[in-house]
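Asks: As you go down the protein sequences, you meet chains A and B in turn. Residues 1 to 274 (the numbering used here) make up the first sequence, in order. Residues 1 to 301 (the numbering used here) make up the second sequence, in order.
No lab work stands behind these hints, which were simulated from the structure alone. C-beta: ideal position from N, C-alpha, C; glycine also. One should not assume that every hint holds.
[Said to hold, decoys possible] Here are the simulated SDA-like pairs of lysine to any residue, each with C-alpha atoms no more than 20 Å apart in a straight line:
{"#": "1", "chain 1": "B", "residue 1": "147", "chain 2": "A", "residue 2": "229"}
{"#": "2", "chain 1": "A", "residue 1": "5", "chain 2": "B", "residue 2": "103"}
{"#": "3", "chain 1": "A", "residue 1": "3", "chain 2": "B", "residue 2": "103"}
{"#": "4", "chain 1": "B", "residue 1": "147", "chain 2": "A", "residue 2": "26"}
{"#": "5", "chain 1": "A", "residue 1": "261", "chain 2": "B", "residue 2": "261"}
{"#": "6", "chain 1": "A", "residue 1": "5", "chain 2": "B", "residue 2": "261"}
{"#": "7", "chain 1": "A", "residue 1": "261", "chain 2": "A", "residue 2": "178"}
{"#": "8", "chain 1": "B", "residue 1": "261", "chain 2": "A", "residue 2": "232"}
[Stated by the list, open to error] Okay, the calculated bits of chain B under chain A, using three or more residues with CB under 8 Å as the criterion:
{"#": "9", "segment": "16-22"}
{"#": "10", "segment": "36-42"}
{"#": "11", "segment": "130-144"}
[Said to hold, decoys possible] Derived contacts from chain B toward chain A, CB cut-off under 10 Å, selection only:
{"#": "12", "residue": "25"}
{"#": "13", "residue": "28"}
{"#": "14", "residue": "32"}
{"#": "15", "residue": "105"}
{"#": "16", "residue": "107"}
{"#": "17", "residue": "126"}
{"#": "18", "residue": "148"}
{"#": "19", "residue": "149"}
{"#": "20", "residue": "150"}
{"#": "21", "residue": "151"}
{"#": "22", "residue": "259"}
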Amino acid sequence: MRKNKDMLLIFTGISIAIVLLFPFYWMFVTSIKPSAEIITKPPLLIPRNPTLESYSIAFTEGSIGRYLQNSFIIASFTTMITITLGVLAAYGLARFRIKGLTFFISILLISQLLPDVSLVLPLFIIFNRLGLLNTYLSVILANVMLWLPFAILILRPYFLMFPKALEDAARIDGCTFLGAFRRVILPLALPAIMVSSILTFLFAWGEFVFALTFLTKAELRPITIGIYNAIGQYGIKYNDLMAYAVVAIAPIIIIFIFLQKYIRSGLVIGGIKG
Amino acid sequence: MKIKIKSLTKGERVGYLYILPAFIYIVLVMIYPLAFNLILSFQEVDMMTLMKPTKAFIGLENYRQVITNLTFPISLKNSLIFTTGCIFFQFTIGLAFALLFSLSFPLAGHLRGSLLITLMVPQVAVSILFRWLLSGDYGLINELLTKLHFIEEGIAWLSDPKTALAGVMLANIWIGIPFNMMILASGLTAIPPDIYEAAAVDGAGPLRRFIGLTLPLLRPSILIVLTLGFIYTFRIFGLIYAMTGGGPINSSTVLPILAYKLSFLFFEFGQGAAATNILLIFLFIIISAYLILAAKEEPRE
Numbered sequence: 001m002r003k004n005k006d007m008l009l010i011f012t013g014i015s016i017a018i019v020l021l022f023p024f025y026w027m028f029v030t031s032i033k034p035s036a037e038i039i040t041k042p043p044l045l046i047p048r049n050p051t052l053e054s055y056s057i058a059f060t061e062g063s064i065g066r067y068l069q070n071s072f073i074i075a076s077f078t079t080m081i082t083i084t085l086g087v088l089a090a091y092g093l094a095r096f097r098i099k100g101l102t103f104f105i106s107i108l109l110i111s112q113l114l115p116d117v118s119l120v121l122p123l124f125i126i127f128n129r130l131g132l133l134n135t136y137l138s139v140i141l142a143n144v145m146l147w148l149p150f151a152i153l154i155l156r157p158y159f160l161m162f163p164k165a166l167e168d169a170a171r172i173d174g175c176t177f178l179g180a181f182r183r184v185i186l187p188l189a190l191p192a193i194m195v196s197s198i199l200t201f202l203f204a205w206g207e208f209v210f211a212l213t214f215l216t217k218a219e220l221r222p223i224t225i226g227i228y229n230a231i232g233q234y235g236i237k238y239n240d241l242m243a244y245a246v247v248a249i250a251p252i253i254i255i256f257i258f259l260q261k262y263i264r265s266g267l268v269i270g271g272i273k274g
Numbered sequence: 001m002k003i004k005i006k007s008l009t010k011g012e013r014v015g016y017l018y019i020l021p022a023f024i025y026i027v028l029v030m031i032y033p034l035a036f037n038l039i040l041s042f043q044e045v046d047m048m049t050l051m052k053p054t055k056a057f058i059g060l061e062n063y064r065q066v067i068t069n070l071t072f073p074i075s076l077k078n079s080l081i082f083t084t085g086c087i088f089f090q091f092t093i094g095l096a097f098a099l100l101f102s103l104s105f106p107l108a109g110h111l112r113g114s115l116l117i118t119l120m121v122p123q124v125a126v127s128i129l130f131r132w133l134l135s136g137d138y139g140l141i142n143e144l145l146t147k148l149h150f151i152e153e154g155i156a157w158l159s160d161p162k163t164a165l166a167g168v169m170l171a172n173i174w175i176g177i178p179f180n181m182m183i184l185a186s187g188l189t190a191i192p193p194d195i196y197e198a199a200a201v202d203g204a205g206p207l208r209r210f211i212g213l214t215l216p217l218l219r220p221s222i223l224i225v226l227t228l229g230f231i232y233t234f235r236i237f238g239l240i241y242a243m244t245g246g247g248p249i250n251s252s253t254v255l256p257i258l259a260y261k262l263s264f265l266f267f268e269f270g271q272g273a274a275a276t277n278i279l280l281i282f283l284f285i286i287i288s289a290y291l292i293l294a295a296k297e298e299p300r301e
């Protein structure tokens with residue numbers, strides 16, 4: 001009886017997962033179909049003559065390698081700056097009696113909800129005056145702003161969990177505040193830092209509107225803009241477009257598969273979607 | 001005792017040092033630009049005047065221009081349809097999945113976790129994926145709908161003004177289901193199982209247990225998921241911009257798209273700033289409503 005019920009539940013659960021994740025499968029099979037097979041009726045669920053032609057087009061005709069590199073640079077620096085500032089602030093907010101703590105936390109909560117569209121115009125004009133348009137820095141600075149409040153909010157609960165006695169013990173042993181922070185707290189907070197780094201990196205990888213607006217030079221643009229431009233370039237050659245999309249999301253899928261545990265806990269605490 | 005107090009104040013001061021860099025950053029890159037945006041919205045700023053050191057203050061003229069713009073009522077209507085429609089489906093389906101995956105069966109956690117991938121994929125990638133799925137000639141969705149005899153022949157979803165908004169909604173619902181499921185599922189796990197056992201002993205059927213117990217106990221999670229859902233959906237830009245660009249003929253233009261186009265297509269920067277502020281006003285109304293409702297909730301717990 002119990003076993004039958006389990007089987008039914010597993011069957012339902014797997015069916016739901018298959019339906020919801022099917023678009024990813026479709027993206028992938030379309031990308032390995034020759035052009036003749038994307039316009040068959042009925043559509044082919046499994047390609048007859050799979051080919052990597054669309055991928056070779058993406059890598060030779062388009063500058064997809066360059067786009068990937070740009071995305072990597074932007075996402076990495078965004079993550080480093082966000083996490084450095086975020087760890088310090090989250091620690092400060094968790095460990096010390098700060099006057100106006102609720103005020104500061106409210107600012108963080110509200111800024112997490114800000115639409116990116118409301119920052120893009122003022123930042124565009126400010127960066128223009130500072131001569132920062134068409135630099136990685138412009139997009140990185142804006143991205144950090146978008147994810148710093150989120151990083152602080154998911155890091156702080158972890159710092160709250162550590163017993164203060166641990167840190168006091170380190171200080172009695174002669175460590176300074178900073179020394180205790182570096183030697184005792186940071187290593188213990190490493191899982192939390194992992195969570196917020198991974199999420200920041202993934203979100204920065206997918207960022208669109210700042211890159212679209214601040215970067216007009218093709219050689220600086222990240223992969224999200226590459227995809228957007230590919231729509232105009234390849235039109236309805238969906239096998240080529242899907243190859244582009246597969247390359248763009250491959251790093252994300254890999255990170256997701258291997259680090260799913262961290263991602264899930266971070267998303268629940270931060271209550272956010274990208 | 002005295003020493004303790006002294007070390008605390010010293011500690012406090014160090015505490016501010018930790019927060020300072022992030023605080024300065026937020027002031028410079030968020031609060032200052034938002035203030036700047038507010039000022040812009042009261043000035044006459046377009047391509048010609050952008051570089052001038054002083055700009056004319058024109059009061060609420062930009063706001064008047066935006067509100068009387070023929071696209072404004074359309075985009076407001078689209079935003080409301082898009083947001084409420086997406087939330088309705090994401091929430092209902094998300095809740096159903098949360099209930100299913102909160103039953104303990106083998107693989108439940110893994111299956112639930114794997115669905116979160118839709119949240120992590122760049123929205124532009126989802127855009128082109130759904131352009132393909134919704135394609136009029138060879139799109140999979142048309143194929144499915146004709147097979148099931150829901151439609152006679154393929155619909156050109158995204159190039160028909162009648163269906164474009166529904167098309168982008170479908171893509172966004174797909175992204176949002178796991179998010180709703182995740183938050184509601186974590187709310188469900190917080191409900192102690194013995195409550196249900198007691199209710200079952202008292203003879204309450206599954207439907208009565210759901211309406212009488214699960215829903216009321218899940219209220220805080222429901223409130224938060226609906227509020228966040230509204231805000232995240234109302235501000236969506238990239239997904240729609242890359243799928244339809246707001247078209248055809250503004251049929252999928254929502255407020256963020258209108259605001260962006262005013263600034264970066266028509267170069268009416270003052271009006272673009274005003275439009276984003278109108279967008280912010282809507283979000284603040286929602287946040288206030290949430291805070292009022294959440295505060296009402298509190299004494300009952």
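Asks: With reference to the structure, classify each hint as holding or not holding.
Replies: Each hint, compared with the structure:
For the hint pairing residue 147 of chain B with residue 229 of chain A, the CA-to-CA distance comes to about 33 Å; that exceeds 20 Å, so the pair is violated. Simply put, residue 5 of chain A and residue 103 of chain B have alpha-carbon atoms about 11 Å apart, close enough for the 20 Å limit, and the pair holds. Proximity of residue 3 of chain A to residue 103 of chain B is assessed by CA-CA distance (about 14 Å); at most 20 Å being required, the pair is judged to hold. Proximity of residue 147 of chain B to residue 26 of chain A is assessed by CA-CA distance (about 18 Å); at most 20 Å being required, the pair is judged to hold.
With a C-alpha separation of about 40 Å, the suggested pairing of residue 261 of chain A with residue 261 of chain B is violated against the 20 Å cut-off. With a C-alpha separation of about 54 Å, the suggested pairing of residue 5 of chain A with residue 261 of chain B is violated against the 20 Å cut-off. For the proposed pair residue 261 of chain A and residue 178 of chain A, the alpha carbon gap of about 30 Å is over 20 Å, so the pair is violated. The suggested pairing of residue 261 of chain B with residue 232 of chain A holds, with an alpha-carbon distance near 19 Å, which does not exceed 20 Å.
For a cut-off of 8 Å, the count of residues in the segment 16-22 of chain B with a CB near a CB of chain A stands at 6, and the three-residue condition holds. Judged by the Cβ-Cβ criterion of 8 Å, the segment 36-42 of chain B is covered by chain A as claimed, because 3 of its residues qualify and three suffice. Remark: the segment 130-144 of chain B is confirmed as covered by chain A, as 9 of its residues place a Cβ nearer than 8 Å to a Cβ of that chain, reaching the required three. Restraint check, residue 25 of chain B versus chain A: the minimum CB separation of about 6 Å is within 10 Å; hint holds.
Interface hint status for residue 28 of chain B: upheld, as the beta-carbon distance to the closest one in chain A is roughly 9 Å, under 10 Å. The beta carbon of residue 32 of chain B comes within 8 Å of a beta carbon in chain A, closer than 10 Å, and the hint placing it at the interface holds. A distance limit of 10 Å between C-beta atoms decides the matter here; for residue 105 of chain B the minimum to chain A is near 4 Å, and the interface restraint holds. About 6 Å separates the beta-carbon of residue 107 of chain B from the nearest beta-carbon of chain A, less than 10 Å, and the hint is met.
The interface hint given for residue 126 of chain B is met, as the beta carbon of that residue sits about 8 Å from the closest beta carbon of chain A, less than 10 Å. Look at residue 148 of chain B: its Cβ only gets to about 13 Å from chain A, farther than 10 Å, so that hint breaks. Contact between residue 149 of chain B and chain A, as hinted, is not supported at the beta carbon level, the nearest pair being about 15 Å apart and thus beyond 10 Å. Because the smallest distance between the Cβ of residue 150 of chain B and any Cβ of chain A comes to about 16 Å, over 10 Å, the interface hint for this residue is violated.
Taken as an interface hint, residue 151 of chain B does not check out: its beta carbon lies about 15 Å from the nearest beta carbon of chain A, beyond 10 Å. Contact between residue 259 of chain B and chain A, as hinted, is supported at the beta carbon level, the nearest pair being about 6 Å apart and thus within 10 Å.
The structure is inconsistent with the numbered hints 1, 5, 6, 7, 18, 19, 20 and 21, although it conforms to all the rest.
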